[in-house]
Structures are given as structure tokens and as C-alpha cells.
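Chemist: The whole structure should be built from the sequences, with the hints applied where relevant.
There are 2 protein chains.
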Amino acid sequence: MGGVRVAYLKRVLVGPPMSLAQAKHERLSKRVALAVFASDPLSSVAYATEQILLVLILAGTVALSYSLPIAVGIAALLAIVVMSYTQTVAAYPQGGGAYLVSKDNLGKYPSLVAAGAILTDYVLTVAVSVAAGIAAITSAFPTIARHRVLLCVAAVVAIGLANLRGLRESGRIFTIPTYFFVVSILAMIGYGMTATTFGWLAEAPYEPHPPGLEGVGIFLLLRAYAAGCTALTGVESVADGVAALKAPESRNAQKVLIAMGAISITMFLGITYLAYDFGIVPGGEQTVVSKIARRVFGGGVLYYTVQAATTLILLLAANTAYADFPRLSSIVARDRYLPRQFASQGDRLVFSNGIVMLSAFAILLLLLFSGDTDTLLPLYAIGVFLSFTLSQGGMVRRWMRLKPAGWRWRIWVSGAGALTTFVVLVTLTVTKFSEGAWIVVVVIPALVAVFVTIHRHYDEVAHELSLTGFEGPPTLQHTILIPIGDLHRGVVRALQYAKTLAGPDVAIRAVYVETDPARTTRLEEKWGQWGLGVPLVVLTSPYRSLLRPLLDYIDALQSRGSDHMITVVVPEFLPRRWWQHMLHNQTALVIKAALLFRRNTVVADVPYLLKH
Amino acid sequence: MGGVRVAYLKRVLVGPPMSLAQAKHERLSKRVALAVFASDPLSSVAYATEQILLVLILAGTVALSYSLPIAVGIAALLAIVVMSYTQTVAAYPQGGGAYLVSKDNLGKYPSLVAAGAILTDYVLTVAVSVAAGIAAITSAFPTIARHRVLLCVAAVVAIGLANLRGLRESGRIFTIPTYFFVVSILAMIGYGMTATTFGWLAEAPYEPHPPGLEGVGIFLLLRAYAAGCTALTGVESVADGVAALKAPESRNAQKVLIAMGAISITMFLGITYLAYDFGIVPGGEQTVVSKIARRVFGGGVLYYTVQAATTLILLLAANTAYADFPRLSSIVARDRYLPRQFASQGDRLVFSNGIVMLSAFAILLLLLFSGDTDTLLPLYAIGVFLSFTLSQGGMVRRWMRLKPAGWRWRIWVSGAGALTTFVVLVTLTVTKFSEGAWIVVVVIPALVAVFVTIHRHYDEVAHELSLTGFEGPPTLQHTILIPIGDLHRGVVRALQYAKTLAGPDVAIRAVYVETDPARTTRLEEKWGQWGLGVPLVVLTSPYRSLLRPLLDYIDALQSRGSDHMITVVVPEFLPRRWWQHMLHNQTALVIKAALLFRRNTVVADVPYLLKH
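Protein chains in written order, with this note's numbering: chain A, 1 to 612; chain B, 1 to 612.
In short, the hints are calculated from the structure, not lab data.
Note that the structure is predicted; figures quoted are calculated from it, not measured.
Treat the hints with care, since some could be wrong.
For chains that are exact copies, the list does not tell them apart, and a pair is met inside one copy or across any two.
To be verified - Taking lysine-lysine and the DSS-like style, the derived pairs with C-alpha atoms no more than 30 Å apart in a straight line are:
#	residue 1	residue 2
1	Lys103	Lys255
2	Lys403	Lys255
3	Lys611	Lys108
4	Lys611	Lys526
5	Lys611	Lys246
6	Lys30	Lys255
7	Lys592	Lys499
8	Lys246	Lys592
9	Lys499	Lys403
10	Lys30	Lys592
11	Lys592	Lys611
12	Lys246	Lys526
13	Lys108	Lys30
14	Lys403	Lys526
Modeler: Here it is as C-alpha cells:
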């Protein structure tokens with residue numbers, strides 16, 4: 001009855017189960033795939049420019065002009081990585097995430113490092129994207145900024161539930177926002193550039209220009225470059241999700257990658273240029289994109305459209321991680337580096353366990369960092385560039401090993417990608433270490449240790465359970481014990497259960513713990529008529545405990561034979577109403593708790609359905 | 001293993017179990033009984049005077065002098081009630097609480113009202129006494145007043161744990177504080193009166209004299225009288241605990257009652273007189289007793305001694321409820337008006353369930369009322385006077401029925417007690433209704449409704465389970481199902497368990513849910529060698545769910561016969577380390593959860609001990 005109610009609740013929240021026949025239709029078209037997988041890299045433009053400016057402003061407003069060459073450098077890096085990844089998706093049509101590529105080409109430990117990095121990053125994708133999405137809302141409506149953390153958590157919960165309903169629906173629902181965002185941002189850039197050229201815009205409002213605290217040096221520029229590299233986050237997700245695309249998977253994935261790269265670079269450079277041109281100073285209540293949009297469109301409907309589009313794509317980016325985190329953790333779990341339950345699929349074709357884990361960790365991060373994008377971002381890019389490096393390094397090894405047509409050229413492409421991302425990785429780790437990157441540097445090796453420990457345990461258990469060399473099980477002696485406190489129809493049912501179930505070699509005993517000799521006499525009288533011939537063992541209790549004599553009796557029985565199996569049959573009432581559970585079965589619960597995880601002891605509850 | 005650890009923790013916290021042989025020694029001597037049971041009424045003097053003054057001050061400081069006649073009136077009432085109760089304890093040497101006396105003489109509903117009133121009051125005794133005890137500390141050290149609620153909760157938790165360790169130890173530990181309090185207060189009164197007579201005391205510090213907001217009228221005086229009646233709380237506890245005293249129980253209880261009454265009246269009148277004589281104005285950071293003690297002893301060691309003694313006796317008063325609440329709830333539970341588990345005794349000769357309940361409700365009240373004595377007290381006295389009235393009314397009925405020697409005189413004594421307490425009860429309800437007394441007026445009938453509902457359910461179930469007219473159980477068909485995901489030593493053990501346990505008429509089936517036909521083929525090959533001849537049922541899953549096909553299969557089997565018992569044998573691993581539990585048994589857990597409380601379905605876990 002409790003079970004039925006839970007199942008009903010689950011049905012309402014996550015929808016009916018889906019059959020395997022529906023699985024084929026879950027494959028995504030290019031148009032939908034761009035919306036689902038490319039939303040993550042595309043949405044990064046909502047915060048990447050701001051991250052560059054937040055570093056440069058440390059040297060005063062004059063230094064903000066360095067944002068242009070830095071942005072061009074980042075766009076070049078993005079182009080290199082996209083080029084490199086087109087090779088990866090071609091080589092791995094079944095899904096070419098950094099874990100699989102590293103495992104295939106670099107071996108066990110690099111692949112586990114990649115898995116740790118990417119799993120961490122999916123959590124950060126959710127946390128960062130949701131935080132940035134909520135920041136777009138609070139930029140438009142500063143009065144609700146104090147509810148930021150609550151809004152973030154609510155968003156994660158909503159996305160998690162949407163994903164428990166299944167991927168295809170998620171894809172269909174979320175197609176529109178991606179294109180809505182791209183169109184909004186491109187329109188803002190196009191109109192902004194035109195308007196500023198022809199002098200159509202009103203005077204810029206006054207913004208305080210903070211004085212520079214540092215000089216412009218190579219370290220500051222490196223930090224700004226590293227901060228802007230958050231624009232590259234999410235590229236991996238296309239490679240990871242190749243298998244979810246319609247056939248031909250690799251060609252479609254390449255097209256999605258290139259389209260994503262082109263749009264991403266255009267938007268990123270456009271936003272950075274307008275920020276420079278408008279003299280936008282980062283910080284305060286609004287995001288940089290919000291400031292640009294206000295400048296271009298004033299405070300009207302179009303401004304709110306841009307903010308809405310930004311929020312939607314960022315929530316969709318968070319959703320990307322929901323498509324990939326469970327998929328990757330199931331792959332890792334099938335390799336026995338994560339608990340087995342992550343490998344199994346839920347009622348629907350989504351991996352519920354992973355979805356729940358991902359939501360939980362993302363909420364934890366949002367609570368720890370008060371839903372603040374700027375403090376979360378330093379943790380983010382490290383894992384991204386670590387997996388880039390491993391993945392592309394793996395591709396280099398692959399080309400060297402397999403030597404396919406054009407392998408020298410391929411090595412150049414993948415090698416350039418691996419090298420540049422490695423340089424960025426080192427820069428990121430050095431420049432952002434004290435800002436939170438150290439957390440990732442601690443977490444990833446810890447995850448690898450967890451993976452290895454889990455794997456070793458499963459290996460040992462598999463060896464222990466293997467039937468190879470098995471001599472056959474030892475012979476078992478059996479006793480069924482039925483602890484009783486009285487004799488009534490429920491007990492008779494349990495006695496009958498035991499009697500009709502058990503074979504002739506199985507001893508059956510009803511066990512009664514005596515607290516009052518007068519009651520024992522009454523019980524023994526009834527036993528003659530209704531005991532069904534089962535012997536009644538009366539245990540005396542020096543303590544008034546009911547449990548201790550029973551446990552002592554079981555100990556005594558089991559100390560005789562080496563493999564004496566005791567099945568304890570506990571009569572249990574099923575009352576009609578939930579609150580009546582509190583009035584029954586307390587003793588049964590105590591017995592079950594005491595015998596839980598006890599060797600050679602099995603507890604079986606025999607239910608008795610009450611009419612009242 | 002989990003069970004062992006819990007048992008160990010319990011042992012450390014609440015001590016080793018106690019044998020029945022020790023039970024006799026738990027009986028209390030008069031000296032100890034006075035400390036344990038009379039601490040509650042004695043401690044009431046710590047707040048009763050203050051409650052009178054807090055009402056009178058509403059009419060200005062001039063009205064404070066009315067405290068003297070009011071206190072004399074209350075002392076007279078206390079004397080009447082004590083006299084009346086000496087008859088009760090003589091008539092009920094097995095324990096003469098209002099519940100038993102009402103049940104015996106007035107019938108079911110009055111006894112349930114009494115039970116509801118007294119159980120509510122025990123909770124309030126804990127809450128009020130702890131709040132007042134902490135107030136004595138914060139009077140001495142006003143800087144910690146802001147931690148009041150925390151201190152109150154910590155005190156309740158400490159007392160609760162002490163009681164889980166057993167009554168006798170509690171009695172021994174707490175003997176000293178009662179006498180310490182009595183001596184301290186009497187010394188304060190004696191020295192205070194002497195010193196003020198001979199003019200030894202320093203000038204009184206200035207206290208602001210608030211202007212009167214109300215005139216002195218009969219209603220104000222009634223309210224003040226009702227407020228002071230909190231001095232009578234706790235008298236019931238001696239009558240309730242008679243059975244815990246050494247033989248002759250009744251005589252000893254009478255002596256304890258009279259001693260308690262005499263000491264209580266002396267202290268109450270003394271404190272009220274000094275408060276009047278010193279012109280003490282109630283309110284502010286200090287209690288009235290604290291102000292008197294400061295005036296008498298200055299701020300030195302003797303002052304702190306009085307405060308310490310006050311705190312200790314109030315905590316001991318809270319402890320009284322711990323001796324009585326579980327005792328009464330076990331009596332009520334044995335009459336089947338409360339859940340059965342309240343009737344049972346824990347590992348030690350205390351009723352753990354009641355102790356835990358009492359602490360939980362007291363903590364709830366302390367949190368709701370921010371640990372403030374003055375706002376808790378209006379709730380308190382209603383239940384006390386309700387049970388006084390019922391108990392003494394019951395005694396009147398008893399004398400009328402049994403007509404023992406001197407029954408006319410006895411009716412006069414009990415009748416006077418019943419009448420006066422009834423008048424106070426009505427006064428209390430009227431004057432304190434809006435201050436919180438309405439809560440008690442709602443809670444007591446609600447409790448009576450709960451008692452009656454529980455009783456009716458147990459009656460119906462007893463009737464349903466009765467063997468009278470039982471035709472004998474219907475014949476049972478049996479099937480044992482063993483859901484498996486693979487074939488290994490753990491599964492072989494489960495198969496062997498089922499085979500050697502089951503009789504010849506029991507069908508045994510291993511059930512495998514197919515997700516990949518290739519795996520099925522491999523399983524079937526192994527099955528020939530290690531399946532122990534158990535038929536293997538392969539279920540296909542249209543959904544990738546493992547659970548649904550199993551449930552459908554069980555449904556199909558059970559739809560055939562009317563009483564088809566299915567025992568689902570689930571192989572379960574017992575790993576060596578706690579964290580490894582997370583790596584196993586998830587499927588077993590899901591199956592168990594789905595079959596919990598299902599009719600005619602028994603789940604049996606067969607444990608397999610892992611070496612790794």
C-alpha cells in the first residue's frame with residue numbers, strides 16, 4: 001500500500017515508464033542537437049567577456065582595452081579546439097568523450113583523471129550556468145537579488161525533475177530558447193554596432209571608474225586570458241553526446257561542432273567589442289551583457305528579451321550536463337569504477353541515479369558559493385582544459401598508432417589542440433589556484449582514488465564469487481524460528497506458512513519469551529488446539545528484554561553446526577490505515593533490526609491483512 | 001554488524017541492562033522519596049510568589065501588599081489538598097494517581113480526561129521547571145540570558161539520558177539537592193527576617209516602580225490567586241509514585257506528603273513575606289527569589305548558593321516527571337489507550353519510549369515558548385487542578401460506595417478538597433484562557449479522542465484475531481522466487497537455501513529479467529552446472545525496468561489461487577566494511593521496498609558474507 005502510493009507519486013512527478021521501442025526515436029536531429037549540446041558552449045559567452053574585464057579592471061579602466069586582443073586569442077583557441085574535436089567525433093561515433101578517448105589511447109590512469117575532471121565539470125556546469133542564468137534575471141530586477149540562492153536551488157530542482165521525465169521531451173521543449181538566444185544576441189550586436197556607428201544611441205550613463213590597483217603586466221594579461229577561457233567550456237559535451245544524434249552520427253556531430261564554433265566566436269567577439277566600445281565597467285548589480293543590452297535597447301521590451309533569452313540558454317546549458325553526467329557515470333560504472341547502481345537505467349531511458357547525484361552536488365556548490373558566478377568560475381575551467389588536453393593528447397597517440405590516411409596532418413591538428421590547451425591548463429592552475437582552483441586540484445585525485453578503490457573491491461568480490469574452482473556449497477542445516485507474544489490468527493497464519501513451506505528435514509520452533517508464568521500457562525493451553533503441532537519453546541528472561549533471550553537462543557543453535565541456517569518468521573500486521581502502523585509491528589521491527597546483516601540468519605515477515 | 005555498533009552506543013549512553021533481581025532494590029526510602037517526588041511541589045515556591053506579584057503589579061506597587069492574604073489562602077488550599085491526598089495514598093497503596101482513582105470510581109471517560117490532563121502536565125512540569133531553573137542561572141549571570149533556549153534544551157537532553165540509565169541511580173544522585181534547596185531557602189528566610197528586624201541590611205537598591213494600569217478589583221485578586229496556585233503543582237506525583245516507596249508504602253507516602261506540605265507552606269509564606277517586606281517589584285532580568293537573596297546576602301557566595309540550589313531542585317522537579325510519565329503511560333497503554341510499545345519495558349527497568357516522548361514534547365514546548373517561565377505557566381495549572389478535582393471527586397464516590405470506618409468524615413475531607421480545587425479550576429480556566437490556557441482546553445479532549453480511537457482499533461483487531469470461532473486457516477499454495485541478475489556463489493547459496501528449506505509441494509523458480517539476450521545465453525549455459533536443478537524463468541522487459549516484470553510475474557502467479565503465498569528469496573551481500581554496502585544490494589533494496597506491506601508476499605534476504 002505504501003509502495004503503491006510511492007509509485008503513484010513517482011508517476012505524477014516523472015511520467016509513465018517508456019518502452020525500448022521508443023528508444024530509437026530519442027535520437028536527436030542536428031537542429032535539436034545544436035539546441036541541446038551546443039547550448040553549453042554558446043551560453044558561455046554570457047559570462048566569458050565579463051571574466052576578462054573583471055581581471056583587467058584591477059589595472060584600472062584604461063586596461064579594459066586589452067580585452068580585444070585577448071578575445072581574439074581566445075577565439076583562435078576555440079577554433080583550434082573545435083577543429084581538433086571534429087577529428088575526435090569522426091573517430092568515435094559511439095561517443096568520444098575524454099574518458100573513452102583517454103581509455104582507448106592513454107590507458108587506465110589518464111582515463112580516470114579525465115573521468116574525474118569531467119564529472120566534476122558537469123556539476124560545475126550546472127552550478128555556474130544556473131548562477132549566471134539567475135544573475136541575468138537579477139540584473140533586470142535587482143530587488144530580487146537577495147533571493148538569489150533560493151532561485152538557483154529552485155532552478156536546479158526544476159531541471160532535475162524535467163530530466164527525470166526523459167531526454168527527448170527535454171530536447172523538444174528546449175529547442176526554441178537556444179535559437180532565441182542566438183538571434184537575440186546577434187540582433188543586439190548588429191543593431192548596437194550600426195547604432196553606435198551612426199550615433200543613434202543616447203549618452204552613456206555615468207559609471208564610476210575605479211582606480212587601477214595593479215599595473216598591466218604579463219601576469220595580469222595571462223590571468224585575463226585564462227579567465228576568458230571559460231568561453232570554451234562545453235565543447236566536450238558535443239563529443240560526449242555523439243551517440244544521441246541521428247545517423248550518420250559523426251558527420252552530424254561535426255556539423256553541429258562547426259556551427260557551434262562559428263556562432264560562439266561571432267557572439268563572443270561581438271560582445272567583447274561592444275563592451276569595449278561602450279566603455280562598460282564590470283561589476284555592480286548588473287552583468288556586462290545586461291549593461292550592453294540596456295545601452296543598446298534602453299530599458300524596454302527588447303532589453304528584457306535579451307535577459308530572458310540569456311537566462312533560458314543558461315538553464316538549457318545546465319540541462320546539457322543532465323544529458324551527459326548520467327551517461328558518463330553509467331559508462332564509468334559499467335567499467336566498475338563507480339557503484340553498480342549508476343550503470344543501471346531507471347524506469348525511463350534516463351539514468352535516474354546520476355540525475356539525482358548531479359542535482360545534489362550542484363545544489364551543494366550553489367549553497368557553498370551563495371550562487372555567485374564569479375566565485376564559482378575559477379573552479380570551472382581547470383577540469384575542462386584537463387579533459388581537453390587528455391582527449392586531444394589521446395588523439396595524437398591514436399594517429400601515431402593507427403597511422404590512417406593523412407595522419408601527419410591529423411597529428412598537427414590534434415597536437416596543436418593538445419599543446420595549446422595544456423598551456424592554458426597550466427596558466428589556469430597557476431593564476432587561479434588561490435581563488436578556488438585548488439579545490440579542483442584536490443577533488444580530481446580524490447575521485448581517482450575512489451574509482452580505483454571501488455574497482456578493486458568489485459574485482460575482489462567477482463573473484464570471490466566466481467564459480468571457477470567452486471567445490472559446491474556446504475550442506476546446510478535449517479531451523480525456522482517463529483517468535484510469538486501470543487496465539488492469535490496472525491500467529492496461526494505464520495505457523496501454517498512455516499509448516500507448509502518447510503521440508504521434512506527442517507526443524508520448526510515457535511519461541512515464546514516468558515515474562516509472566518501465568519500467561520505462559522494460558523498460552524500452552526491454547527497451543528494444544530491451535531499450535532498446528534509446532535513445538536513451543538519457552539525462554540525465560542532474566543532481564544525483561546524480549547530480544548536478548550531470542551538472540552541467545554539463536555546463538556546457541558548456530559554454535560552447534562558450522563552452517564546452521566536460521567530463518568526467523570515474524571508475523572506482521574498490515575493495517576488498513578497508515579497511522580495504525582504505529583500501533584503494530586514494533587516488536588517485529590526490533591527483531592528485524594537486531595538480525596539485520598547477521599550471518600546465516602534470514603528474516604521473513606509473514607503479512608496478515610487486517611480488516612480494521 | 002550495524003546492530004552491534006548500535007548496541008554498543010546504547011550501552012555507553014544508557015548503561016548495561018538490569019536484571020529483575022535488582023528491581024526490589026529500586027524501592028525508595030522516605031528520605032529519597034521526598035527528594036525525588038516532593039522536589040516538584042517544593043520547587044514550585046521558586047516561581048509561585050512571582051506569579052502572584054506579576055498579576056498584582058498591574059495595579060501598581062501599592063497592590064503588591066495583597067500578596068500576603070492571597071498567599072495565606074493558597075497555603076490553606078495546599079493544606080486541604082495534602083490532607084485529602086493522605087486518604088488517597090492510604091486507599092491506593094499500588095499507586096493512586098488521578099487516572100487510577102477516576103477509573104476505579106468515576107468510570108472510563110473521567111479517567112481518560114484525568115490521563116490526558118496528567119500526561120500533558122508532566123510535559124509542562126519538565127518545560128516549566130527547566131525554564132525556571134535556567135532563569136535562576138540567568139538571574140545570577142545575565143550575560144548568558146540570550147542562550148536561554150539552548151540551555152533549556154541541553155538540560156532536558158541531559159535529564160532524559162540520566163533517566164534512561166535507571167531510576168535508582170537518579171534518586172541517589174538527586175537526594176542532596178532537595179535538602180540543599182530546603183536548607184538554603186529556610187536559611188535565607190530565617191536570616192532575612194532576623195536581619196530586617198534588627199536593621200542589619202544595607203539600603204535597598206532603587207527599583208523603578210511602574211504605575212498601576214488597572215484598579216484593584218475582585219477579578220484582579222482572583223487572577224493573582226489563580227496564578228499563585230502554581231504552588232500546588234506536583235502534589236499528585238507523590239500519589240502516583242506510591243508503589244515506588246519501601247513498604248509500608250501507604251504510611252510512608254503519607255509521611256512524605258505531610259512533610260512536603262509543611263515545608264512547602266513554610267517556604268512559600270516566607271518568600272512571599274520577604275518579597276512584601278523588601279518591597280520587591282517583579283520583572284526585569286532577575287527572578288523574585290534572586291532579588292530577595294541578593295537583598296539578604298548581597299552579591300556574595302551565599303547568594304550564588306541560593307541560585308544554585310534553586311536551579312538544582314527545579315531540574316530535579318523536571319526529573320519527577322521522568323519518573324512518572326513513563327509509569328502512567330505504561331498503565332494507560334496496558335489498558336490499550338496508548339500504543340502497545342509504551343507498555344513494554346526497555347532494556348532497563350525504565351520505560352524508554354515514554355522518556356523519549358516526554359523529552360521530545362518538553363523540548364518542543366521550550367522552543368515554542370522560547371524557554372520563558374511566565375508564558376509557560378498559564379498552561380500548567382489547569383491540568384493539575386483538573387486532575388485534583390477528578391481524583392478527589394473519585395475519592396468521594398469511593399467513600400459513598402464502600403462506606404469504610406469514618407466515611408462521613410472522609411467525605412468531608414475529600415469533598416472539601418474536590419470542591420475547592422474545582423473552584424480554582426474554573427477560576428484558572430476563566431482568568432488564563434486567553435493567556436494560553438485555551439491550548440490545554442483543546443489538547444486534553446484531543447488526547448481523549450486519541451485514546452478512544454486507539455482503544456477501539458485494538459479491540460477490533462483483538463476480535464478479528466481471536467481464535468474463538470476460527471475455522472482454521474485456508475490451505476496455502478507456496479512458490480519461492482529467487483530474482484537473480486547473474487550466477488555466482490552468492491546466488492548458488494540462495495538457491496541452496498531455497499532447495500533445502502522447501503518441502504516437496506513448494507515450487508521454486510529462479511527469475512531472470514532479460515535486458516540482453518547474449519547474457520541470457522551465457523547464464524543458461526552456467527545454469528546447467530550450478531543451477532542446482534532449480535528451473536530458470538527468463539522474463540523479457542519491454543521497459544528496461546528490472547522490477548516491473550518481476551512484479552507482473554508475481555501478480556500473475558497470485559491471480560491464480562486465492563491464497564498463493566510467494567516467498568521472494570533475495571541474495572544479499574554482507575561486505576566487510578560499512579562503505580562497501582553502498583556498492584552492493586541496491587537491487588535487493590528496490591525489490592524489498594516494492595514488496596513491503598504486500599499481501600501474501602514474504603521477502604527473505606539470504607546473507608552472503610564477503611571476505612573482501
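Chemist: How would you label the pair Lys30, Lys592 (within, between, both, or neither) given a Cα cut-off of 30 Å?
Modeler: Intra 55 Å, inter 43 Å, cutoff 30 Å: neither.
Chemist: Could you figure out if Lys108 and Lys30 sit no more than 30 Å apart (CA to CA) within one copy, between two copies, both or neither?
Modeler: For Lys108 and Lys30, neither the intra-copy (33 Å) nor the inter-copy (77 Å) Cα distance is at most 30 Å.
Chemist: Give the relationship of Lys611 and Lys526 under a CA distance limit of 30 Å: within one copy only, between copies only, both, or neither.
Modeler: Only inside one copy: Lys611 and Lys526 sit 24 Å apart there, 46 Å across copies, limit 30 Å.
Chemist: Taking 30 Å as the upper bound on the Cα-Cα distance, should Lys611 and Lys108 be classified as within, between, both, or neither?
Modeler: between (60 Å within a copy, 26 Å between copies)
Chemist: Please work out whether the CA atoms of Lys246 and Lys526 approach to 30 Å or closer within one copy, between two copies, in both situations, or in neither?
Modeler: Classified as neither; 73 Å inside a copy, 38 Å across copies.
Chemist: If the cutoff is 30 Å on CA atoms, where do Lys592 and Lys611 land: within, between, both or neither? Let me know, please.
Modeler: For Lys592 and Lys611, both the intra-copy (25 Å) and inter-copy (24 Å) Cα distances are at most 30 Å.
Chemist: Could you place Lys499 and Lys403 in one of the four classes (within, between, both, neither) given a Cα distance threshold of 30 Å?
Modeler: neither (72 Å within a copy, 59 Å between copies)
Chemist: Up to 30 Å between alpha-carbons, please classify Lys611 paired with Lys246: within, between, both or neither.
Modeler: Neither: 56 Å inside a copy, 47 Å across copies.
Chemist: Are the CA atoms of Lys592 and Lys499 at most 30 Å apart within a copy, between copies, both, or neither?
Modeler: both (21 Å within a copy, 24 Å between copies)
Chemist: Checking an output row: Lys30 and Lys255, CA cutoff 30 Å. Within, between, both or neither?
Modeler: So Lys30 and Lys255 pass the 30 Å test inside one copy only (8 Å; across, 93 Å).
Chemist: At most 30 Å between C-alpha atoms: does Lys403 with Lys526 qualify within a copy, between copies, both, or neither?
Modeler: neither (87 Å within a copy, 42 Å between copies)
Chemist: Classify it for me, Lys403 with Lys255: is the Cα-Cα distance of at most 30 Å met within a copy, between copies, both or neither?
Modeler: Classified as within; 25 Å inside a copy, 105 Å across copies.
Of the numbered hints given earlier, the model fails hints 5, 8, 9, 10, 12, 13, 14; all others are met.
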